[in-house]
Amino acid sequence: MNIVVCVKQVPDTAVERTLTGAGTLDRASLDGLINELDEYAIEEGLKIAEAHGGEVTILSVGPEKASESIRKALSMGADKAVHVVDDAIAGSDALATSLVLAEAVKATGFDLVILGSESTDARTGVVPAMLAERLGVPQLTLSSKVDIDGTDVTVRRVSDDGYDTVTASLPAVVSVVEKINEPRYPSFKGIMAAKKKPVRTLTLTDLSVDASAVGLANAATEVADFAARPPRAAGEIVTDEGDGGTRVAAFLAGRKFI
Amino acid sequence: MAEVLVLAEHAGGEVKKVTVELLTAARRLGEPSVVWAGEGAQEGRARLAEFGAAKVYVADSGEFAEFVVAPKAELLAQLVGSASPAAVLVAGTTEGKEIAGRLAVKTGSGVLTDAVDVTAGPDGAPVAEQPNFGGAITVRSRVRTGTPIIAVRPNAISAEPSEGAAEIVAVDFTASEAARLAKVTEHVTAEKGARPELTEAQIVVSGGRGTGSAEGFKVIEELADALGAAVGASRAVTDAGWYPHAFQVGQTGKTVSPQLYMAVGISGAIQHRAGMQTSKTIIAVNKDPEAPIFEIADFGVVGDLFKVVPQLVEEVSKRRQL
Ligand SMILES: Cc1cc2nc3c(=O)[nH]c(=O)nc-3n(C[C@H](O)[C@H](O)[C@H](O)COP(=O)(O)OP(=O)(O)OC[C@H]3O[C@@H](n4cnc5c(N)ncnc54)[C@H](O)[C@@H]3O)c2cc1C
Ligand SMILES: Nc1ncnc2c1ncn2[C@@H]1O[C@H](COP(=O)(O)O)[C@@H](O)[C@H]1O
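Chains as they are written, first to last, in this note's numbering: chain H, 1 to 258; chain W, 1 to 322.
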């Protein structure tokens, strides 16, 4: 089975983030790491390959720097990687990113594509559904459990008020939520082995994607303006001296909540 | 005036609150037409009329519940083709965003998610306000290609009534083969009881690992009930199985924007804050004075939640009786 896992390198959420003049995230100034949920996607891909046989290919669309995340994914145990790098891609919106991903997935060949359900920087959560639409294969997104039986895939889809059980046939697009597994840490052996694993670099030309379909200048959405929200005024913090509950009640009454 | 499509969220003929919020926003952009996928439109019609729906496009098909997301996106694409709307508004739920994403690909349009406000720009085209970085920065964005598709966060826009005709227009719709690939075989809903819905509630009381156990978490429910609030939980709690996942607040759970959010025994990790930082008022109870949740709290008590919360419940009940 050919399993492609989409991995995005994102800025470290623990550090302060800023916007560029164009209102996009200033990614250049930040250390990158694997989007958290994509680690769960990698883990699920590895588990499925271990249980059913097959190969796991990491796919990342992003600048040169994203190779750090690709190496980490390979050191977790993935077999090989495809890195789409092209200056024209910078600043792409979800519509363009999903286009590039779809063409790269097709070029790689796939039975199953696994993504995180959301990236911490864009937080749009639309790429997996867009990819399923573009590839014309079943959308098995927001999965907290994936079972494969021959060519059938059954997932538990987290819904707004519980969950749905959803079934489809391969090939398919799956996105995962963090409930699904516990991502492994790369072993020393894995880290050494990753250095020799093949990483194929592709450009837009290799994928026959027109540069006019991607990038900031061609994005279907644009930032009109942005402003720092006034920081929350420092709140009042009190220590409970046997009257903590009463003091909260007084605060609530003052704000007319009770 | 151009039509603005609003995809209704409904269950058992009942219109969800977010839908009337979307109608309120849609009226600023043009003439709102509701898109009703599935059954129950007759029951929901009165409420849609109350919030200014001019038309209600009804596609009464079981396919919307039977197959994941794709049929709804296909219905919207069909109506975008026939009605040439000025914009399409959907609820900014996880599913709503997926519908928006597929529709964007189908129609070659820009999509904006996580909007907390939508207004008409100088040229009449929609401008969406989106909180960024957990609310620290507000970005105002526009769509410049295709039909603007905007996913609006529930509970962010306050609904205002305005009369509309809500004329029912039956739509002939059959999902294509491509939209019938992912089949729902089972639908399980978590017990929510009589409490308000988490993303719609005015007040949310959330508990974290500090509650210690499923048994300990009951103090959160008691406080929520005293305040008429919805119950939320941190991931530590849902992972431990003390409370169902459907109630998780945060980056990978629900995003909430209530008037009042109470974080009890929650440290305030960035992934939790991402789901509640735009709440109007935040109260924290935590025994650790260094807990990051205090940085964003309007009022905080450093103390043991098992002492503070029961006293608060008692105090609230006392005041209620006055
Ligand atoms: C990909 C990813 C996605 C995530 N998504 C989410 C998400 O959607 N939502 C989410 O919440 N988290 C999410 N997390 C997890 C997040 O990082 C934190 O681990 C989690 O929020 C911690 O939950 P907590 O605050 O309840 O527990 P802790 O961080 O353990 O905090 C417990 C707090 O309770 C206090 N406490 C203990 N006992 C008492 C007492 N008796 N009285 C008062 N206070 C007490 C402690 O001082 C402490 O501050 C995610 C993590 C990852 C990696
Ligand atoms: N540039 C990218 N390269 C590879 N995968 C991506 C990229 N952007 C998004 N993804 C995938 O899409 C998922 C959802 O991202 P998003 O829709 O941007 O929130 C991520 O968890 C990744 O798996």
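Possibly wrong hints are sitting among the right ones.
Here are the simulated lysine-lysine pairs, DSS-like style, with alpha carbons at most 30 Å apart [said to hold, decoys possible]:
#1 H:K145 to H:K47
#2 H:K256 to W:K218
#3 H:K256 to W:K17
Think of the hints as simulated: they come from the structure by calculation, not from any bench. Remember, predicted model here, so these are calculated numbers, not experimental data.
To see whether the hints hold, each was checked on the structure:
no. : hint             : verdict
1   : H:K145 to H:K47  : holds, 12 Å
2   : H:K256 to W:K218 : holds, 25 Å
3   : H:K256 to W:K17  : holds, 23 Å
In summary, this structure violates none of the numbered hints.
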